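In order, the protein sequence lines correspond to chains A and B.
Going by the working numbering, the first sequence opens with residue 1, and the numbers climb by one from there.
Going by the working numbering, the second sequence opens with residue 1, and the numbers climb by one from there.
Treat the hints loosely; a few may be bogus.
Claimed, not checked - EDC-like, lysine to aspartate or glutamate: derived pairs with alpha carbons at most 20 Å apart:
id, chain 1, residue 1, chain 2, residue 2
1, A, K37, B, E42
2, A, K45, B, D51
3, A, K110, A, D205
4, A, K194, A, D205
5, A, K194, A, E139
6, A, K315, A, D165
7, A, K40, B, D51
8, A, K188, A, E70
9, A, K37, B, D51
10, A, K188, A, E139
11, A, K188, A, E177
12, A, K45, A, E64
13, A, K29, A, D49
14, B, K145, B, E231
15, A, K29, B, D51
16, A, K40, B, E42
17, A, K193, A, E177
18, B, K183, B, D277
Everything labelled a hint here was simulated from the structure, so no lab data went into it.
All values derive from a computational prediction rather than experimental measurement.
Listed below, chain by chain, are the residues.
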Amino acid sequence: MTLSHLATEDVFVVERNDADFRAGQGMTKGLGIVFRKFRKALFGKPNSDRADTEGQFNVQYPEERLAMPEAYRNMPILLYDDATGHELCTSCFQCERICPPQVIHITQAKDPATGKPVPAAAKFVLEYDTCMSCGYCAEVCPFDAIKMDHDFELSTANHPELDVDYNRLLRPVSYYETIAPTMWSDVKEQAMKKLQNNIKRRPGDIGRDHGQKIKGGAPVAAAATPAAGAAPAAGAAKPRGPVAAIGKNMSEDKTAKLLAIRAANAAKRGGGAADAAPVAQAAPVAEAVAAAPAAASAAPTGPVAAIGQNMSEDKRAKLEAIRAAKRAERGE
Amino acid sequence: MADALTQLGFASWLSVLIASIIKVTLILVGGSVGMMFLTWYERRSISYMQDRRGPNRVGPQGLLQPISEAIKTMTKEDATPRDADKIVHFLAPVVMLGATVLSFAVIPWGRMFPVDLNAAVLFVIATGGLHSIGMMMAGWGSNNKFALLGGMRGVAQLISYEIPQVMAIIPVVLMTGSMSLQKIVEAQNDFAGLGWYVFSPVGLLGFALFFTASLAEGERTPFDIPEADSEIIAGYMTEYSGMKFAVFYLSNYMSNLAVCFVTATLYLGGGNGPGVDALGGIAGGLLSLVYFLLKSFALFFVMVLIRATVPRLRVDQLMSFAWKFLLPLVLVNILSASFWVALLRWDQQWPQLTEWFGAPSTADATNWGRLAIAIVLTLLINAGAVALIMRLTNRNVQKHLYTTDEELALGLS
Ligand code: SF4
Ligand code: SF4
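Chain A extracted, bound-state conformation (with noise of 0.2 Å):
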């Protein structure tokens, strides 16, 4: 090995031990480290800490999850008032014009009877597999509506699925408080200034019918669910109660039941004996009959569900019925 051609300062001797028996101390020591993980991954307590070094780090995820930081960004949503079901969009298109790959598609609602531009939006579509969670649109959103949801379950089989609609892009301000409420108490009360504001220049249910009616008034409410379809009272849409941000991990099935059990909580509270058989009318479907006495109730604060995005059609369908009972009957 010759050297000679560099200069001897570019030459870098490393420090070695020099001691007789190193051959092989290196490996040995190797050794103990890889055996020490082993043993501590194995039989140590699972890892919490992140500046710890050893330890079992893994998150068994279906069934472990880490909590989100607030900040976590994955997907838009928009909000809506838990009291009175407005709507914080005003549709005015600030998101549509910076979204960089140009998911978001919206129509201005118009006053039927003048053909003016109210501020809310009549539709909200959302290309959810375009999207590239970027985070523009809830950053220049002068009204707070639009913000970044943590549900990354979304993957489907279905892929039009994936074009949201104004519907399943809602939620309610409370479901947004609790994934990052600090950061909702910060923007809390212009936002619902503006809203109060908006909400001045809306006329009729336009900005809190959750884009299911566009023209006329008339309920084209979710078209596609037939019980929804056949409920009477769905156009006397009162404000909607108080609205139980059911876990979003939860399963369909774990959903429905859970709603008809609260649904029956309620109608015990209420103690109601209000008659039944409007509600089956309403809602031919069987489920939404089994959970009609309770939905007959007159309950104050009967809990409606913000609807999971991941829920199939039959069950949206359904609960969309016992919804439009449970309209119907405050509407009387």
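For chain A, the structure is supplied; the task is to place chain B with the ligands on it using the hints.
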């Protein structure tokens, strides 16, 4: 077993046939089930070494993972390259697996011996040597540069490492006076089943050398040069897919298992252990099987530990390690084994030597005295040799990789 069947009234040829079929089935089933367990065991333990958990979903603790993988590989397309030598390409995995399964024939499962060959040690080595043929066939038959490189590397490595491996067994054969694995196991049954060769200086060094050389034979990291994925894709297995790949995989793991079994038999007393003789009969046999499997899987754990720790050697490092490090030590170990035998077993093993030279000089001392002398002597020889070789290796490393201060000062570099 054949005798028992004959007594039951079977014709003698029939009883031999039935007994053989039963044995072959047991060997095949035992080998492949052992291999399945081994893949799971390796992946789980290496996962914990890397702060992971490994496969734990399929079946309890992921134990059924190998089955799901077997099904997966069986459903994959079994492709043969267009320009491959079809027959050789097809036969290579068969040869590999055949060689491996053969070596299982003589392995003692605790106290149970499927076949007791009087040259079983030689048989194990010979079947291990067949691997290089399978490798070369795969490398050549695939008509692929990477495969050929892998095959050549594999053959070079196997031939080099077979020498220290075989010579590391010689001390055991010397000390036992037999090449039968059964005799070797019996010879380690002193001291209440704890007279394992590994507890003597000769056996300890022999164990270390044999195990190291066997790692190279089994292409385990750090000697996985024939299939070095980062250099030559998968070496001689590059052009194999589906079931043929699975057969290679099977044969690799089975030969690793066989290496562990053989090492446990030669140096760790096989199925010997405290309580085996005391129990006796079937219970003792089962206990010895448990001991044997425990020892073997502990050895495999060491293999996994080494795999998780040590990076792959370069080809030249591999060769110089075999020829400059292992081989001299192995020779020294044979020397000290001869001293050991001369001191302890002279009059027992080689009566004709006693006739020619008279009784050993320490014949009047008790056996314990002779044992102490033998231990001290062999320990001195072996430790001295290891120290010397390590010192030389150290010098070599420094000379080739680093420039020392003195050399720089003298302008010698
Ligand atoms: S979500 Fe916000 S930015 Fe987008 S249209 Fe509605 S109010 Fe404007
Ligand atoms: S997160 Fe980015 S890509 Fe997705 S909708 Fe908002 S602006 Fe568009």
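**OP:** Report the numbers of all earlier hints that the structure fails to satisfy, in ascending order.
**Re:** Those not satisfied come down to hint 13.
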